[in-house]
Amino acid sequence: MFKKVLIANRGEIAVRILRACREMNIKTVSVFSEVDRTSLHVRLADEAYLIGPAPSRESYLCIDKLMDVAKRTGCDALHPGYGFLAENPALPRACVDSGITFIGPPAEAMEAMGSKTAGKQLARRADVPTVPGTSDPIENPEEARSLASSMGYPVLLKAIAGGGGKGMRVVATETEFAAAWRDAASEALNAFGDARVFVEKYLISPRHVEIQIFSDAHGRVVSLGERECSVQRRHQKVVEEAPSPVVTPDLRRKMGDAAVRIARAGGYVNAGTVEFLVDASLNYYFLEVNTRLQVEHPVTEQVTGLDLVKLQIAIAAGHRLPFAWETITPRGHAMEVRLYAEDPDNNFFPSPGKIIARNAPTGPGIRLDEGVYEGWTVPMEYDPLLSKLIAWGNSREETIARLRRALDEYTITGIRSNVGLFRRILTEPEFLRGEIHTKWLDELLARPRPMDSQLREGTEDAAMIAAAVWQASQTGHTADSAAASEQKTSSWKLAGRREQLDHMP
Amino acid sequence: MKFEVQLQGTAGKKQRLVELERVGEGYKVRLDGKLVNADAMQIAPNTISILLEGQSFEIYVSPAPDGTLKLQSGPHEFIAEVVDPRAWRGRRHGAVEAEGRQPVNAPMPGKVIRLLVKAGDDVEAGQGLVVVEAMKMQNEIRSPKKGKVERLLAKEGQTVNAGEILGWVE
Chain A
1 MFKKVLIANR
11 GEIAVRILRA
21 CREMNIKTVS
31 VFSEVDRTSL
41 HVRLADEAYL
51 IGPAPSRESY
61 LCIDKLMDVA
71 KRTGCDALHP
81 GYGFLAENPA
91 LPRACVDSGI
101 TFIGPPAEAM
111 EAMGSKTAGK
121 QLARRADVPT
131 VPGTSDPIEN
141 PEEARSLASS
151 MGYPVLLKAI
161 AGGGGKGMRV
171 VATETEFAAA
181 WRDAASEALN
191 AFGDARVFVE
201 KYLISPRHVE
211 IQIFSDAHGR
221 VVSLGERECS
231 VQRRHQKVVE
241 EAPSPVVTPD
251 LRRKMGDAAV
261 RIARAGGYVN
271 AGTVEFLVDA
281 SLNYYFLEVN
291 TRLQVEHPVT
301 EQVTGLDLVK
311 LQIAIAAGHR
321 LPFAWETITP
331 RGHAMEVRLY
341 AEDPDNNFFP
351 SPGKIIARNA
361 PTGPGIRLDE
371 GVYEGWTVPM
381 EYDPLLSKLI
391 AWGNSREETI
401 ARLRRALDEY
411 TITGIRSNVG
421 LFRRILTEPE
431 FLRGEIHTKW
441 LDELLARPRP
451 MDSQLREGTE
461 DAAMIAAAVW
471 QASQTGHTAD
481 SAAASEQKTS
491 SWKLAGRREQ
501 LDHMP
Chain B
1 MKFEVQLQGT
11 AGKKQRLVEL
21 ERVGEGYKVR
31 LDGKLVNADA
41 MQIAPNTISI
51 LLEGQSFEIY
61 VSPAPDGTLK
71 LQSGPHEFIA
81 EVVDPRAWRG
91 RRHGAVEAEG
101 RQPVNAPMPG
111 KVIRLLVKAG
121 DDVEAGQGLV
131 VVEAMKMQNE
141 IRSPKKGKVE
151 RLLAKEGQTV
161 NAGEILGWVE
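These protein sequence lines are chains A and B, in that order.
In terms of this note's numbering, the first sequence has 67 at position 67, counting the first letter as 1, and numbering is strictly consecutive.
In terms of this note's numbering, the second sequence has 124 at position 124, counting the first letter as 1, and numbering is strictly consecutive.
Any given hint could turn out to be false.
Dumping the calculated DSSO-like pairs for lysine-lysine here, alpha-carbon to alpha-carbon at most 27 angstroms [as the list claims (entries may be wrong)]:
hint	chain 1	residue 1	chain 2	residue 2
1	B	Lys155	B	Lys118
2	A	Lys3	A	Lys27
3	A	Lys354	A	Lys120
4	B	Lys70	B	Lys13
5	A	Lys27	A	Lys4
6	B	Lys111	A	Lys354
7	B	Lys70	A	Lys354
8	A	Lys71	A	Lys310
9	A	Lys354	B	Lys118
10	B	Lys13	B	Lys28
11	B	Lys2	B	Lys13
12	B	Lys111	A	Lys65
In silico contact screen, one side only, chain B against chain A (beta carbon under 7 angstroms); selected entries [as the list claims (entries may be wrong)]:
hint	residue
13	Leu17
14	Leu52
15	Ser62
16	Lys148
Source of the hints: derived by calculation from the structure; they are not laboratory data.
Backbone N, C-alpha and C fix where the C-beta goes; we use that ideal spot for every residue, glycine too.
Okay, chain A solo, but in the shape it has when bound (with noise of 0.2 angstroms):
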């Protein structure tokens, strides 16, 4: 087992690296900007070492100064987290020729799989489903025709030059066809120039599925189920949750035994995750390989009991994976929300700044993964991720009804974060019917705000009592008070005491 690792990375992120490094007794080393130096990633680290300004391009993203401080403190191996050089080939590369070894992928399956269009050509070497539909124009409408009902209406007519919406034209059934082809066309032509249109598989609402995967170095791979993350704003998963509400059993075998033959298929090794698009029908459609660990991994653990980061660490140092994980079920259900430093309030600018106070949920079936602490000034710079917070229980019903707990006693001041628009979809009957998909909060939030919950009787007295305690803490008027009152008895004894004085012989 290694010796030393070095986290190449911030936040809770590497956060969640320490801890799991420490349990398996490797020591750590963090690196940090010169705004992190007082981060937790910083403080719970064995060593630390700065490695830059503010700005990642010149410290977090710097593979050159990650290499030094991994050689000048004698690691064995690194982390590279997720964001910033998690997925970039040539920091594997740069692990190999400095004898370090990276505890992920290697290089080259990260670029066989890691693009989209080279992920989509190995899904297609593997015989797994991509969205049908041709990326090359087709000239006779005739020939588009016969394509559009071998996929299946709907079907998205797509201008080789389109953009904004302009020359698309969705299709709901045969009918509709040739109106909608000339309509597409001729929109197409006005507004680029260029009159060609291409035919693709339109999903009604689909789902955001993924798989995640493992991999050892011997030629084992194992799928350990799906989390589903379709509850997503403007492309950025918000809330995931494991099991999917609409996979079966039948369908998670399915969807398992693909990932696993396009990871087969790429030489993939290590922690791996393949997204998939879920129609209504429950047909389901390759979209990509994340080739890291995966923000949403906790809930995945929650339901299999497995840790996965050490499970990186043990496979990137030539463990194998055990034969019992290939029918891996999961039990009970567990669900992650995103908590960020932004204000839902204000179209969600990011809010950093200092964090005046804090309370943390605990409790049964909760679980917190985060890099800020009470005092602490959340950058700027960075992604605004300030925690992730898990909870799990026997249903999805528990499991709402717990996080909707722990949201309640969550409360952070002195930045805004988007703890509110949680206690909304939480309440959402689509959401607790499981009924959703990757537009739907999209759509939630165009739809106007109900009312706020009830406020309880007595809430505005509380608080404008709370507002005058706040105040008489701060002004001194507590020791101004006490100071006059002092001052007034004292007069009054003074007084005495001199004119006692006056009569003194």
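Go by the hints and put chain B onto chain A.
Same frame as chain A, but now just chain B:
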């Protein structure tokens, strides 16, 4: 100690006179002159526990740069303005500057990456003036009113603090 407290929440605006009298670690409370059964304790800096007629409330207080207080109680948020009647000088007098020359403030710390207008330009209310990048997101800072850009203090590449004045629109 007497405080006039104005509270702004989703249910509207309210105002009360809050009188506090120190009793041990806590306070005896009068609202608009009437004694209420309340027990107020500051349990941590900026965290106040109130037992009001037996109902337990926890209120988090964060002072804003403009002198108001932001109060959080579970999912509810309020803005409070506290006036100590003995210190009338401290009182702010509302939005006197609603018309006329208006400052353009940075809503958060960040880096100015682009100026969209220059001094002398005519602008509409809500028109983007400056692009500020914070936390990997680019945000347009908009004009508070229709008018003319009088001055732009912000420069491209400059780092700004929350509340810092980026320019003026008249």
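Hints versus structure:
Restraint check: the Cα-Cα separation between Lys155/B and Lys118/B comes to about 11 angstroms, which is no more than 27 angstroms; the hinted pair holds. Restraint check for Lys3/A and Lys27/A: satisfied, since their Cα atoms lie roughly 6 angstroms apart, inside the 27 angstroms limit. Only pairs whose Cα atoms come within 27 angstroms are accepted, and Lys354/A paired with Lys120/A is rejected, the gap being roughly 44 angstroms. The straight-line distance between the Cα atoms of Lys70/B and Lys13/B is roughly 14 angstroms, inside the 27 angstroms bound, and the hint therefore holds.
Of the pairs offered as hints, the one joining Lys27/A and Lys4/A holds, with about 4 angstroms between alpha carbons and a cut-off of 27 angstroms not exceeded. Distance hint between Lys111/B and Lys354/A is fulfilled; the C-alpha atoms sit about 18 angstroms from each other, no more than 27 angstroms. The straight-line distance between the Cα atoms of Lys70/B and Lys354/A is roughly 14 angstroms, inside the 27 angstroms bound, and the hint therefore holds. As the CA atoms of Lys71/A and Lys310/A are separated by approximately 23 angstroms, the hinted pair is consistent with the 27 angstroms bound.
This hinted pair does not check out: Lys354/A and Lys118/B have alpha carbons roughly 33 angstroms apart, beyond 27 angstroms. Pair hint Lys13/B plus Lys28/B holds up; C-alpha atoms about 25 angstroms apart against a cutoff of 27 angstroms. With a C-alpha separation of about 20 angstroms, the suggested pair Lys2/B and Lys13/B falls inside the 27 angstroms cut-off, and the hint holds. Pair hint Lys111/B plus Lys65/A holds up; C-alpha atoms about 25 angstroms apart against a cutoff of 27 angstroms.
With 7 angstroms as the threshold, the beta carbon of Leu17/B stays out of range of chain A, its nearest partner Cβ sitting at about 9 angstroms, so the hint is violated. Proximity of Leu52/B to chain A holds as hinted, the smallest CB-CB distance being about 5 angstroms (cut-off 7 angstroms). Interface hint at Ser62/B: satisfied, since its Cβ lies 4 angstroms from the closest Cβ of chain A, which is below the 7 angstroms cut-off. Hint on Lys148/B is violated. Least Cβ distance to chain A is approximately 26 angstroms, over the 7 angstroms limit.
The structure fails hints 3, 9, 13, 16 (numbered hints given earlier, in ascending order).
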